[in-house]
Amino acid sequence: MKLLKSVALLGLACVASSVSAAEALTVYSYRQAFLIEPIVEKFTQQSGIDVNVVFAKDGIAERIAREGRLSPADVVLTSDFSRLMELVDKELVSPVQSNIIDHNIPSQYRSQQHNWFALTMRVRNLYSSKDRTGKIDIDYEDLALAEYKGKICTRSGKHPYNVALVASMIAHDGEAKTKTWLQGVKANLARKPQGNDRDQVLAVKEGLCDIAIGNSYYYGNMLMDKNQKSWAQAVDINFPNQKNRGAHVNVSGMALAKHAPHKDNAIKLMEFLTSDVAQKMYAEVNMEYPVKADVAPSELVASWGDFKADSLPIYKLAEYHQAAVKLLDEVKFDL
Amino acid sequence: MILGLTRGWSLTGYFIAVILILPLIALIVQSTLPDEAVFSHLFNTVLPTYIANSLLLMLLVGLGSLLLAIPAAWVIARCDFPFRRYFQWLLLLPLAMPAYIVAYVYTDMLDYAGPVQRTLRDWFEWQSPHDYYFPAIRSLGGAAIILSLVLFPYIYLLARTAFMEQSSSLLYASRVMGCSPWRSFWRLSLPMARPALAVGVALVAMETAADFATVSYFAVPTLTTAVYDTWLGYGSLTAAAKLSAIMLLVVFSMIGVERFARRKQQLFQKQSSFNEADRYVLSSTKAWIALGYCTLLLFLAFLLPFTVLCVYAIDYFNESWDTRFWQYSLNSLYIAAIVSAVCMLLSLILMFVRRVSPRKSDYLPSRLSSTGYALPGTVLAIGVLVPLTFIDFAINDVYDWLGERGPGLLLTGSVFALIFAFCVRFIAISIGSLENSYKRISPSLDMACITLGQTPLQLLWRVHLPLLRKGIFAGALLVFIESMKELPAALLLRPIGFENLATYVFQFVSDEKLEHGALAAIVIVLVGLVPLIYLNRSLEQQG
Numbered sequence: 001m002k003l004l005k006s007v008a009l010l011g012l013a014c015v016a017s018s019v020s021a022a023e024a025l026t027v028y029s030y031r032q033a034f035l036i037e038p039i040v041e042k043f044t045q046q047s048g049i050d051v052n053v054v055f056a057k058d059g060i061a062e063r064i065a066r067e068g069r070l071s072p073a074d075v076v077l078t079s080d081f082s083r084l085m086e087l088v089d090k091e092l093v094s095p096v097q098s099n100i101i102d103h104n105i106p107s108q109y110r111s112q113q114h115n116w117f118a119l120t121m122r123v124r125n126l127y128s129s130k131d132r133t134g135k136i137d138i139d140y141e142d143l144a145l146a147e148y149k150g151k152i153c154t155r156s157g158k159h160p161y162n163v164a165l166v167a168s169m170i171a172h173d174g175e176a177k178t179k180t181w182l183q184g185v186k187a188n189l190a191r192k193p194q195g196n197d198r199d200q201v202l203a204v205k206e207g208l209c210d211i212a213i214g215n216s217y218y219y220g221n222m223l224m225d226k227n228q229k230s231w232a233q234a235v236d237i238n239f240p241n242q243k244n245r246g247a248h249v250n251v252s253g254m255a256l257a258k259h260a261p262h263k264d265n266a267i268k269l270m271e272f273l274t275s276d277v278a279q280k281m282y283a284e285v286n287m288e289y290p291v292k293a294d295v296a297p298s299e300l301v302a303s304w305g306d307f308k309a310d311s312l313p314i315y316k317l318a319e320y321h322q323a324a325v326k327l328l329d330e331v332k333f334d335l
Numbered sequence: 001m002i003l004g005l006t007r008g009w010s011l012t013g014y015f016i017a018v019i020l021i022l023p024l025i026a027l028i029v030q031s032t033l034p035d036e037a038v039f040s041h042l043f044n045t046v047l048p049t050y051i052a053n054s055l056l057l058m059l060l061v062g063l064g065s066l067l068l069a070i071p072a073a074w075v076i077a078r079c080d081f082p083f084r085r086y087f088q089w090l091l092l093l094p095l096a097m098p099a100y101i102v103a104y105v106y107t108d109m110l111d112y113a114g115p116v117q118r119t120l121r122d123w124f125e126w127q128s129p130h131d132y133y134f135p136a137i138r139s140l141g142g143a144a145i146i147l148s149l150v151l152f153p154y155i156y157l158l159a160r161t162a163f164m165e166q167s168s169s170l171l172y173a174s175r176v177m178g179c180s181p182w183r184s185f186w187r188l189s190l191p192m193a194r195p196a197l198a199v200g201v202a203l204v205a206m207e208t209a210a211d212f213a214t215v216s217y218f219a220v221p222t223l224t225t226a227v228y229d230t231w232l233g234y235g236s237l238t239a240a241a242k243l244s245a246i247m248l249l250v251v252f253s254m255i256g257v258e259r260f261a262r263r264k265q266q267l268f269q270k271q272s273s274f275n276e277a278d279r280y281v282l283s284s285t286k287a288w289i290a291l292g293y294c295t296l297l298l299f300l301a302f303l304l305p306f307t308v309l310c311v312y313a314i315d316y317f318n319e320s321w322d323t324r325f326w327q328y329s330l331n332s333l334y335i336a337a338i339v340s341a342v343c344m345l346l347s348l349i350l351m352f353v354r355r356v357s358p359r360k361s362d363y364l365p366s367r368l369s370s371t372g373y374a375l376p377g378t379v380l381a382i383g384v385l386v387p388l389t390f391i392d393f394a395i396n397d398v399y400d401w402l403g404e405r406g407p408g409l410l411l412t413g414s415v416f417a418l419i420f421a422f423c424v425r426f427i428a429i430s431i432g433s434l435e436n437s438y439k440r441i442s443p444s445l446d447m448a449c450i451t452l453g454q455t456p457l458q459l460l461w462r463v464h465l466p467l468l469r470k471g472i473f474a475g476a477l478l479v480f481i482e483s484m485k486e487l488p489a490a491l492l493l494r495p496i497g498f499e500n501l502a503t504y505v506f507q508f509v510s511d512e513k514l515e516h517g518a519l520a521a522i523v524i525v526l527v528g529l530v531p532l533i534y535l536n537r538s539l540e541q542q543g
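Line by line, the protein sequences are chains A and B. In this text, residue positions in the first sequence follow my numbering: the first is 1, and each later residue adds one. In this text, residue positions in the second sequence follow my numbering: the first is 1, and each later residue adds one.
Wrong hints could be hidden among the right ones.
[Said to hold, decoys possible] Below, computed lysine to aspartate or glutamate pairings styled on EDC-like, alpha-carbon distance capped at 20 Å:
1. A:K151 / B:E435
2. B:K513 / A:E141
3. A:K226 / B:E515
4. A:K229 / B:E512
5. A:K332 / A:D306
6. A:K158 / A:D199
7. B:K513 / A:D225
8. A:K57 / B:D511
9. A:K57 / B:E512
10. A:K130 / A:D199
11. A:K186 / A:D139
12. A:K192 / B:E515
13. A:K229 / B:D511
14. A:K229 / B:D108
15. A:K179 / A:E206
16. A:K186 / A:E141
17. A:K226 / B:D511
18. A:K57 / B:D131
19. A:K151 / A:E206
20. A:K192 / B:D511
[Stated by the list, open to error] Here are the simulated distance ranges between beta carbons:
21. A:Q233 / B:Y132: 47 to 53 Å
22. B:R469 / A:P38: 48 to 54 Å
23. A:E147 / B:L296: 57 to 63 Å
24. B:F252 / A:K149: 43 to 49 Å
Quick caveat, the hints were computed from the structure, so don't treat them as lab data. Think of the CB as a built atom: it goes at the ideal place given N, C-alpha and C, for glycine as much as any other residue.
Using the sequences plus the hints, can you model the full thing?
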């Protein structure tokens with residue numbers, strides 16, 4: 001009986017410990033700890049408001065949907081746009097009216113209904129081998145050309161970064177053309193889609209392929225990592241579609257959770273994230289482009305040169321998101 | 001047996017069983033709901049490939065594990081060669097290795113950028129991948145090889161026991177009738193071991209079906225990864241439940257095969273009269289081959305990956321030895337301890353009811369409760385969430401109705417969901433272990449005890465418990481190690497912000513930097529070794 005009692009006590013204790021500590025702000029984050037923690041610490045220093053940040057790679061939207069009105073989430077931080085839209089589509093966010101945020105974030109980077117805001121921007125670049133290809137003037141459309149047969153590497157087509165790229169292709173070229181394009185790209189792949197964006201750069205270095213699709217901030221991050229510096233140094237970074245619509249950009253962003261228990265403080269945090277201090281930190285720590293117009297990118301990022309970004313309003317990507325996922329399945333891109 | 005067993009015991013048994021199969025029922029109900037054509041879209045595009053991949057992988061891993069396990073089991077059971085006694089248990093060690101870690105280590109070595117291919121390129125002066133052929137490790141075949149290396153000990157263990165239990169006189173008879181040792185192995189030993197092999201293959205196939213991490217790392221989409229993607233990618237719980245239902249169909253048909261194979265087992269193993277002197281003494285060449293084979297197997301499946309882990313752990317010691325590592329280790333141990341305690345307690349009740357009840361129908365609760373083992377972690381997670389969320393909301397509704405502030409997500413927001421899922425999945429192990437131990441307690445003891453005026457509870461406490469001690473311990477240990485290793489259910493059910501060793505290590509693996517998580521991986525392996533060695537010792541004592 002003693003055993004039974006102690007088991008019951010243990011059980012109660014573990015339940016209680018996870019339910020308590022409810023007064024601090026709760027942030028659900030798709031973005032990694034190393035990036036968010038220093039920024040949030042700064043916020044706590046300034047405001048005295050405690051913040052619990054919890055990280056997850058997958059399924060935050062599903063979790064919030066399931067938690068419903070009982071959800072402890074106040075603010076959600078996402079690493080890309082489709083996740084932001086997923087929250088909006090599932091009606092898991094509530095609108096925020098804040099002059100500070102509206103002033104800091106240009107209108108193409110926030111929703112007209114005030115229910116999501118972009119925080120940083122990154123380019124879906126094409127990396128090319130320094131030795132074999134050199135810097136190239138290239139469009140995404142070119143990836144399907146016969147001359148690149150067996151020369152392209154990418155991560156899974158179903159990864160949100162690639163889905164967003166495909167969605168932007170649909171927005172510009174239409175579904176039928178995009179399907180043909182995807183089939184062309186698939187036929188040009190040097191290997192089955194696998195690994196992450198860094199792996200693709202490594203593959204270029206090793207000579208497995210000549211061109212890799214990857215996000216811009218990885219270039220900076222790899223240059224800062226002692227083990228991966230040589231990978232990044234083996235490639236050139238290219239901004240695609242510079243002669244026409246501009247390179248596809250994706251954004252990371254934030255939204256206020258629909259049932260946020262601490263709405264006022266949550267909005268304070270969101271305002272802070274758009275401030276010069278936080279925008280600068282984002283730029284320095286993760287090599288991203290700040291969305292606040294008067295905050296400069298980091299020196300390293302600036303050294304890659306200016307580029308023209310696709311002016312397609314970001315909510316357009318959302319409209320084609322499902323279509324993009326379905327196209328990827330139809331052409332069996334990953335198989 | 002004749003015992004005025006109170007209805008209470010029997011009802012408790014049914015109550016436990018109903019709770020434990022709740023996830024299964026929830027899953028089936030959920031899969032019948034409409035899902036906005038996500039499932040039919042999947043069915044028309046990628047699903048056939050997923051199913052084919054799953055089936056092919058199970059087939060290949062089954063075959064691969066058989067090929068690896070049978071020679072080892074045979075030479076260790078029936079022949080004599082140097083170090084045989086050590087290999088008897090050394091070959092069980094790969095079971096302590098999570099497959100995705102082995103997968104990572106081999107990928108790192110055999111990938112295009114890895115040391116093996118780099119060396120080859122240097123030697124032969126190849127410039128690019130077009131200059132030579134090297135099989136891709138990240139492929140269906142690669143996954144099959146890795147999973148076979150990790151899972152073969154299941155078959156090895158069962159086959160070894162089967163070979164040892166075969167009566168020597170039968171084999172002598174075959175030899176007298178003119179069979180060579182080879183022929184008598186093919187015509188007699190192997191067919192007689194068939195039921196044990198079938199059980200082993202079914203186990204291996206079930207583990208393969210449940211694997212999430214290896215196949216996702218190797219980019220080989222199977223039904224399990226599809227369940228995960230459909231839920232999180234398409235955001236459709238119902239479509240995911242439909243996929244899970246297909247998966248259950250596959251798994252339950254496998255269990256059917258296993259039961260069917262075991263049906264005849266009794267016929268084959270009437271008496272066991274094997275003794276040490278009956279072993280073939282191998283000539284020196286053959287002994288070297290046997291020794292070499294076992295060493296190679298141990299090296300590839302355990303020593304090599306484990307050594308690589310240790311090298312990583314030393315290299316990145318300062319980065320990994322931090323408070324998080326300690327916190328996650330504690331989380332893992334704490335969850336595993338609770339799960340094994342709860343499983344033992346519940347299975348004790350279930351088996352006691354079955355033991356003392358005069359009603360035939362009281363077999364049912366323990367049978368039903370064991371079905372959870374067939375649910376792969378990803379599938380189980382969905383099954384667990386549906387009823388628990390429902391209960392959470394019901395509790396809060398009651399508070400609202402009373403005009404009070406509710407406690408929030410009592411079950412799904414805490415580790416409760418995780419613990420519940422693990423119990424559902426692993427209670428089959430503790431039930432099995434107790435079932436075995438109960439078989440050795442004579443029913444006359446129960447009768448004597450009752451005649452002496454003891455109540456059922458006293459019978460359990462004063463007679464059964466002391467006699468079952470070993471079985472309880474072994475069962476709890478096995479549940480403990482499984483809970484330490486289980487990944488897919490933990491990934492989906494852990495309260496947000498809660499990590500254990502398995503989820504922690506997998507995050508590094510999926511980011512392709514296991515180096516940083518190597519220390520945590522070593523802890524998982526080491527904790528897994530203890531029960532394996534204990535298990536083997538108790539098996540040897542039986543034999």
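Right, here's what the structure says about each hint:
Taking the CA atoms of A:K151 and B:E435, the gap is near 59 Å; set against the 20 Å cutoff, the hint is violated. A threshold of 20 Å between alpha carbons decides the hint, and for B:K513 with A:E141 the separation of about 33 Å lies outside it, so the pair is violated. For a cut-off of 20 Å, the pair hint linking A:K226 to B:E515 stands: about 14 Å separates their Cα positions. Among the hinted pairs, A:K229 with B:E512 is consistent with the structure: their alpha-carbon atoms are about 16 Å apart, no more than 20 Å.
Between A:K332 and A:D306 the alpha-carbon distance is near 36 Å, which puts this suggested pair outside the 20 Å criterion. Note on A:K158 and A:D199: the hinted pairing holds, with a Cα-Cα distance of about 16 Å set against a maximum of 20 Å. Proximity of B:K513 to A:D225 is assessed by CA-CA distance (about 13 Å); at most 20 Å being required, the pair is judged to hold. Straight-line distance between C-alpha atoms of A:K57 and B:D511 comes to about 11 Å, which keeps the hinted pair within the 20 Å bound.
The hinted pair formed by A:K57 and B:E512 meets the criterion: a straight-line CA distance of about 14 Å does not exceed 20 Å. Distance restraint check for A:K130 and A:D199: the Cα-Cα separation of roughly 16 Å lies within the 20 Å cut-off, and the hinted pair is therefore satisfied. Distance hint between A:K186 and A:D139 is fulfilled; the C-alpha atoms sit about 16 Å from each other, no more than 20 Å. The hinted pair formed by A:K192 and B:E515 fails the criterion: a straight-line CA distance of about 25 Å is larger than 20 Å.
With a C-alpha separation of about 17 Å, the suggested pairing of A:K229 with B:D511 holds against the 20 Å cut-off. Proximity of A:K229 to B:D108 is assessed by CA-CA distance (about 18 Å); at most 20 Å being required, the pair is judged to hold. Distance hint between A:K179 and A:E206 is unfulfilled; the C-alpha atoms sit about 30 Å from each other, more than 20 Å. A C-alpha spacing of about 13 Å is found between A:K186 and A:E141, which places the hinted pair at or below 20 Å, so the restraint holds.
About 17 Å separates the Cα atoms of A:K226 and B:D511, which keeps this hinted pair within 20 Å; it holds. With a CA separation close to 38 Å, the supplied pair A:K57 and B:D131 exceeds the 20 Å bound. In summary, the hint linking A:K151 to A:E206 is supported, as the alpha carbons are separated by about 12 Å, within the 20 Å threshold. As the CA atoms of A:K192 and B:D511 are separated by approximately 18 Å, the hinted pair is consistent with the 20 Å bound.
Between A:Q233 and B:Y132 the beta carbon distance is about 26 Å. The supplied range of 47 to 53 Å is therefore violated. Distance hint for B:R469 and A:P38: a CB-CB separation of about 53 Å, consistent with the stated range 48 to 54 Å. Taking the beta carbon of each, A:E147 and B:L296 are about 46 Å apart, not inside 57 to 63 Å as hinted. Between B:F252 and A:K149, the C-beta spacing of about 46 Å keeps the proposed range 43 to 49 Å intact.
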